[in-house]
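Chains G and Y are the protein sequences, given in the same order.
Counting in my numbering, the first sequence runs without a single skipped number right up to 271 at its last residue.
Counting in my numbering, the second sequence runs without a single skipped number right up to 372 at its last residue.
Calculated from the structure, these hints are not laboratory results.
A few of these clues could be false.
[Said to hold, decoys possible] If you anchor each label on the Cβ, the simulated ranges turn out as follows:
| hint | chain 1 | residue 1 | chain 2 | residue 2 | range |
| --- | --- | --- | --- | --- | --- |
| 1 | G | A88 | Y | G315 | 34 to 44 Å |
| 2 | Y | R351 | G | L7 | 41 to 51 Å |
| 3 | G | W3 | Y | L354 | 40 to 50 Å |
| 4 | G | V269 | Y | M294 | 23 to 33 Å |
[Said to hold, decoys possible] Below 25 Å or equal to it, Euclidean Cα-Cα: the simulated DMTMM-like pairs (lysine to aspartate or glutamate) are:
| hint | chain 1 | residue 1 | chain 2 | residue 2 |
| --- | --- | --- | --- | --- |
| 5 | G | K154 | G | D94 |
| 6 | G | K2 | Y | D314 |
| 7 | G | K62 | Y | E287 |
| 8 | G | K154 | Y | D314 |
Since we're looking at a predicted model, the values are computed, not measured.
Where a beta carbon is used, it is the ideal one built from N, C-alpha and C, also for glycine.
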Amino acid sequence: MKWTEFLFAIATSLVGAVGGLGGAVLLVPLLVLTGMPARSAAPLGLVSVAAGSASAGARQLKGGVVNHRLGISTELFASTGAVIGALASGLASDRFLKGVLAVVALAAGVLGGRRKGIRNMPSAERGAHHVGEHVGTLSGVYQLGDGFVPYEAKRLRAGAALFGLSGLLAGLAGASGGFIKTPATSEVMHVPVRVAAATTTFTIGITSAAGLIVFALQGRLDLPACAAVCAGSIVGGTAGAAVQSRLAPPQVRQFLSIVLVVISIVLVVRL
Amino acid sequence: MTGDNTQSAYDAVLDEPVPWMAMVLRISVLLAVALAVAGAVMDGDFGRFSAGACVVVIVALPLLRVVVQGLHWARIRDLRFALAAAGLLAVVATGAIIASL
């Protein structure tokens, strides 16, 4: 049993789920700081992402908050980036990958701590029977408390570029890229945060699948460690989702942001 | 209408979600947990097989969702998005082909 990977996966997925950033962005730097090469830690990060995405999927489908058209359209760019990143990481030096990881941790810390509140407002013309996504467009309606909020994605080119970048970082560093995708979808494409977060949870599973297939074919998967991380991530992610409703996510996010900035500084010092 | 809400979000036709997808996801996650625990705890060939099968399940699951959504959109003649789903699967397949060379 790979206890270190298992326990780290539980802890990081729990904290990541509460903070809304996902666990991999914490897991990969922690594994690297405990001596694992970055090229071995990256696949484990993607396993953690895929497991977390899968375990949240059923609950989010039931709530009707995932916009599959938006997710799959933008994921075209993210998966292209992930494949390129995963292929490139097989050629890159460990020092370079650690540097990328430090930048990713710093970016996640800064972006995660700056997440905004509600942008789209409920409409009196919409009801429960309107909830879901629309045929032929990147629009939909979701429930916010007692209200129902219509939305439509905007600025697709800028969003697509950021998704490509998030995929590239996911393939290189093994982090989910969700810390870029959710703000890109909500702040750049003007999709409500809840829809953006749920759609991101769906798409990071695809990004990680694209990267993991490349890593598997390169012979970079340590299967017992993958199993330990998968089990730990599902347990930690499920517990984190349960705990999330009892804590104040903004405060947890701020704590997470500080931790990520410290991790990035430690990674840079150790380069 | 307020904020960033737009007229097309009012006029568009609501898509019915694929009804059995949530159930498939729930069962697959339980299967992945069982395989992951077996792969993490057991040594030898069975442990390695379970761990490998666990990775296959969590990789296949999001791709299955893309396939199902793509087929659903093709069936309701939402061809632009059916094409996007096919394109996404082509990207993943291309990555796999390049990595295996």
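Is the hinted pair K2 of chain G and D314 of chain Y satisfied, with a Cα-Cα distance of at most 25 Å? holds (11 Å)
Using the beta carbons of R351 of chain Y and L7 of chain G, state whether their distance is inside 41 to 51 Å or not. holds (46 Å)
Decide if the proposed pair is consistent with the structure: K154 of chain G and D314 of chain Y, CA atoms, cutoff 25 Å inclusive. Violated, at roughly 51 Å.
Is the hinted pair K62 of chain G and E287 of chain Y satisfied, with a Cα-Cα distance of at most 25 Å? holds (12 Å)
A range of 40 to 50 Å was offered for this pair. Does it hold for the Cβ distance of W3 of chain G and L354 of chain Y? Since the Cβ atoms of W3 of chain G and L354 of chain Y sit about 46 Å apart, the hinted range of 40 to 50 Å holds.
For K154 of chain G and D94 of chain G, compute the direct alpha-carbon distance and say whether it is at most 25 Å. violated (38 Å)
Regarding A88 of chain G and G315 of chain Y, is the given constraint of 34 to 44 Å on their beta-carbon distance met? holds (35 Å)
Does 23 to 33 Å hold as the CB distance between V269 of chain G and M294 of chain Y, or does it fail? Violated - the Cβ-Cβ distance for V269 of chain G and M294 of chain Y, about 49 Å, lies outside 23 to 33 Å.
Checked against the numbered hints given earlier, the structure breaks hints 4, 5 and 8 and satisfies all the rest.
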